[in-house]
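Keeping their order, the protein sequence lines are chains A and B.
In this text, residue positions in the first sequence follow the numbering used here: the first is 54, and each later residue adds one.
In this text, residue positions in the second sequence follow the numbering used here: the first is 54, and each later residue adds one.
One thing to keep in mind: the hints can contain errors.
Just so you know, same-sequence chains aren't split out, so a pair can sit in one copy or run between any two.
[Unchecked claim] EDC-like, lysine to aspartate or glutamate: derived pairs with alpha carbons at most 20 Å apart:
{"#": "1", "residue 1": "120", "residue 2": "59"}
{"#": "2", "residue 1": "84", "residue 2": "153"}
{"#": "3", "residue 1": "108", "residue 2": "153"}
{"#": "4", "residue 1": "125", "residue 2": "163"}
{"#": "5", "residue 1": "108", "residue 2": "63"}
{"#": "6", "residue 1": "108", "residue 2": "64"}
{"#": "7", "residue 1": "120", "residue 2": "163"}
{"#": "8", "residue 1": "125", "residue 2": "174"}
{"#": "9", "residue 1": "108", "residue 2": "174"}
{"#": "10", "residue 1": "125", "residue 2": "141"}
{"#": "11", "residue 1": "84", "residue 2": "63"}
{"#": "12", "residue 1": "108", "residue 2": "163"}
{"#": "13", "residue 1": "120", "residue 2": "162"}
{"#": "14", "residue 1": "108", "residue 2": "81"}
Rather than coming from a laboratory, the hints here were simulated on the basis of the structure.
What follows is each chain in one-letter form.
2 protein chains.
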Amino acid sequence: MIINIDFNSDEAIYMQLRNQIIMGIAQDEIKDGESLPSVRQLADELGVNMHTVNKAYALLREDGYLKLDRRKGAVVCISLDSRPRHLEMMNVNIRMMVAEAVCKQISPEEMHQIISNMFREFGEFRDDGGRQ
Amino acid sequence: MIINIDFNSDEAIYMQLRNQIIMGIAQDEIKDGESLPSVRQLADELGVNMHTVNKAYALLREDGYLKLDRRKGAVVCISLDSRPRHLEMMNVNIRMMVAEAVCKQISPEEMHQIISNMFREFGEFRDDGGRQ
Chain A
54 MIINIDFNSD
64 EAIYMQLRNQ
74 IIMGIAQDEI
84 KDGESLPSVR
94 QLADELGVNM
104 HTVNKAYALL
114 REDGYLKLDR
124 RKGAVVCISL
134 DSRPRHLEMM
144 NVNIRMMVAE
154 AVCKQISPEE
164 MHQIISNMFR
174 EFGEFRDDGG
184 RQ
Chain B
54 MIINIDFNSD
64 EAIYMQLRNQ
74 IIMGIAQDEI
84 KDGESLPSVR
94 QLADELGVNM
104 HTVNKAYALL
114 REDGYLKLDR
124 RKGAVVCISL
134 DSRPRHLEMM
144 NVNIRMMVAE
154 AVCKQISPEE
164 MHQIISNMFR
174 EFGEFRDDGG
184 RQ
């Protein structure tokens with residue numbers, strides 16, 4: 054999996070890293086049970102501070118995407134324990150998104166369409182993964 | 054309109070302020086053409102720095118929610134010029150949201166439901182506004 058950090062982005066580097074790892078899991082590029090590079094290795098590779106990678110890994114662990122294994126290091130492990138908390142956060146985020154949509158005259162149908170497209174896109178990634 | 058700043062939140066104060074003003078517009082509490090308090094007044098009221106309010110107003114202007122009038126100050130003015138850029142940003146944000154949903158086994162139907170609920174909620178706010 055290739056991680057691209059945009060050093061000019063407004064988005065904090067640890068968030069970019071967190072998000073790209075989640076994207077990699079959703080696209081089936083990183084599988085459940087797979088080890089991620091060590092903090093030092095990834096920091097070296099990306100040219101970022103070890104604290105930054107640590108922070109991203111800590112967030113991913115907190116959000117139930119990773120666990121820390123003494124021997125294997127950071128291992129992808131999707132926990133559904135956080136699903137209710139996750140749905141709650143999603144409600145908060147979508148509420149804000151819909152507020153903006155209402156102001157900008159973006160219709161429910163347009164938003165439903167975007168969501169359907171995205172689910173289809175991820176579905177295709179995952180189907181491809183299965184076929185390989 | 055009552056603005057509540059959570060000083061303990063991870064979210065930057067200017068973003069909280071920006072978001073709550075957009076929420077107020079979507080809920081029809083602040084109408085198109087209405088003046089917002091001056092930067093100094095709002096900063097005093099909320100107990101925040103004037104730069105913070107300035108930053109929120111600048112963002113709102115950039116995103117086509119406000120214009121600056123020499124006499125009236127910051128005036129709510131929804132511009133649809135930024136609609137395409139807005140839809141693009143929405144695509145990016147929903148893509149990330151769906152990636153998380155895929156990992157956490159949140160179904161398309163669940164997301165569609167949240168969106169429909171939110172549009173209904175804002176619709177009710179706006180209907181009430183019309184009746185008063």
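Within a copy, between copies, both or neither: where do residue 108 and residue 153 come within 20 Å Cα-Cα? between (30 Å within a copy, 18 Å between copies)
20 Å Cα threshold - placement of residue 64 relative to residue 108: both (14 Å within a copy, 17 Å between copies)
Can you give me the call for residue 120 and residue 163, within, between, both or neither, at a CA distance of at most 20 Å? neither (37 Å within a copy, 27 Å between copies)
With 20 Å as the alpha-carbon cut-off, assign the pair residue 84 and residue 63 to within, between, both or neither. Neither way: residue 84 and residue 63 sit 29 Å apart in one copy and 30 Å across, limit 20 Å.
Checking an output row: residue 120 and residue 59, CA cutoff 20 Å. Within, between, both or neither? Classified as neither: same-chain Cα gap 26 Å, cross-chain 31 Å, threshold 20 Å.
Identical-chain pair category, residue 125 with residue 174, by Cα at 20 Å: neither (31 Å within a copy, 47 Å between copies)
Quick one: residue 84 to residue 153, C-alpha cut-off 20 Å, is that within a copy, between copies, both, or neither? between (35 Å within a copy, 14 Å between copies)
Same-copy or cross-copy closeness of residue 120 to residue 162 [CA-CA at most 20 Å]: Intra 38 Å, inter 29 Å, cutoff 20 Å: neither.
First find the shortest C-alpha distance between residue 125 and residue 141 inside one copy, then the shortest across copies, and answer within, between, both or neither for a cut-off of 20 Å. neither (32 Å within a copy, 39 Å between copies)
Have a look at residue 108 and residue 174 and pick one of within, between, both or neither, based on CA distance no larger than 20 Å. neither (29 Å within a copy, 36 Å between copies)
Please sort residue 108 with residue 63 into within, between, both or neither, judging by C-alpha distance up to 20 Å. For residue 108 and residue 63, the Cα distance is within 20 Å both inside one copy (17 Å) and across copies (14 Å).
Between copies, within a copy, both or neither: which fits residue 125 and residue 163 at Cα up to 20 Å? For residue 125 and residue 163, neither the intra-copy (44 Å) nor the inter-copy (35 Å) Cα distance is at most 20 Å.
Of the numbered hints stated above, those contradicted by the structure are hints 1, 4, 7, 8, 9, 10, 11, 12, 13 and 14, listed in ascending order.
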